[in-house]
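Student: Since the structure of chain A is provided, determine the placement of chain B on it from the hints.
Protein sequence lines correspond, in order, to chains A and B. Under the working numbering, the first sequence has 71 at position 7, and the numbering climbs by one with no breaks. Under the working numbering, the second sequence has 365 at position 104, and the numbering climbs by one with no breaks.
Source of the hints: derived by calculation from the structure; they are not laboratory data. This structure is a prediction, so every number in the text was calculated from the model and none was measured. Everything hinted at is true.
Here are the computed lysine-lysine pairs in the DSS-like style, where the Cα-Cα straight-line distance is at most 30 Å: (1) B/310 <-> A/90; (2) B/283 <-> B/372; (3) B/338 <-> A/90; (4) A/77 <-> A/90; (5) B/319 <-> B/338; (6) B/283 <-> B/319; (7) A/90 <-> B/319; (8) B/372 <-> B/310; (9) B/310 <-> B/283.
The primary structure of each chain is shown beneath.
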Amino acid sequence: DAGVTQSPTHLIKTRGQQVTLRCSPKSGHDTVSWYQQALGQGPQFIFQYYEEEERQRGNFPDRFSGHQFPNYSSELNVNALLLGDSALYLCASSLESWGALLFFGPGTRLTVL
Amino acid sequence: AQSVAQPEDQVNVAEGNPLTVKCTYSVSGNPYLFWYVQYPNRGLQFLLKYITGDNLVKGSYGFEAEFNKSQTSFHLKKPSALVSDSALYFCAVRITGGGNKLTFGTGTQLKVEL
Numbered sequence: 065d066a067g068v069t070q071s072p073t074h075l076i077k078t079r080g081q082q083v084t085l086r087c088s089p090k091s092g093h094d095t096v097s098w099y100q101q102a103l104g105q106g107p108q109f110i111f112q113y114y115e116e117e118e119r120q121r122g123n124f125p126d127r128f129s130g131h132q133f134p135n136y137s138s139e140l141n142v143n144a145l146l147l148g149d150s151a152l153y154l155c156a157s158s159l160e161s162w163g164a165l166l167f168f169g170p171g172t173r174l175t176v177l
Numbered sequence: 262a263q264s265v266a267q268p269e270d271q272v273n274v275a276e277g278n279p280l281t282v283k284c285t286y287s288v289s290g291n292p293y294l295f296w297y298v299q300y301p302n303r304g305l306q307f308l309l310k311y312i313t314g315d316n317l318v319k320g321s322y323g324f325e326a327e328f329n330k331s332q333t334s335f336h337l338k339k340p341s342a343l344v345s346d347s348a349l350y351f352c353a354v355r356i357t358g359g360g361n362k363l364t365f366g367t368g369t370q371l372k373v374e375l
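Same shape as in the complex, but just chain A (with noise of 0.2 Å):
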């Protein structure tokens, strides 16, 4: 079982591009979560994906959007980059059922300039 996985691993961006985030989450699982963890901080939650449909989200803007595709796998997209939105990105996967346990990717780490 290969768990959560994440790609790419860290990347790079300027100000004002866009960024693809990808996730596939560990077998078995159908639901991801993202997570936005800053330099020092906990992890915060941007949304939620269940059945290709954002279930639930964060205090996070627009410019952060998500996809879920057939296959449970998931993409976090973020427009008009900012410098605040370096940190790390975290996807979690789980059950759908109530109380299921997170199972966290290692994380692609943004760094905006």
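Tutor: Here is chain B on its own, set in the frame of chain A:
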């Protein structure tokens, strides 16, 4: 709104000594509480969780945590620390009706020294 607080940015302990990493929570419903650990350049790894039942929860790598409803705390403990336990520890909470969204604390850096 739900929140967790980790009052200590860093905890230092000698190898072989007991360790405690503190966490308090604030929720309006019944909390599900979690501890995760993060090693450098890695994602978060699950240690243990409290949902209901026994207030003392045992988890991975010899860690345990005690749920205290009256003090709204969920402190992480280990009887004998190892140098390899040095990492960043996060407490998190999820509430009934909150979906699978986790709210994390700011983290506590644990340093275990020889």
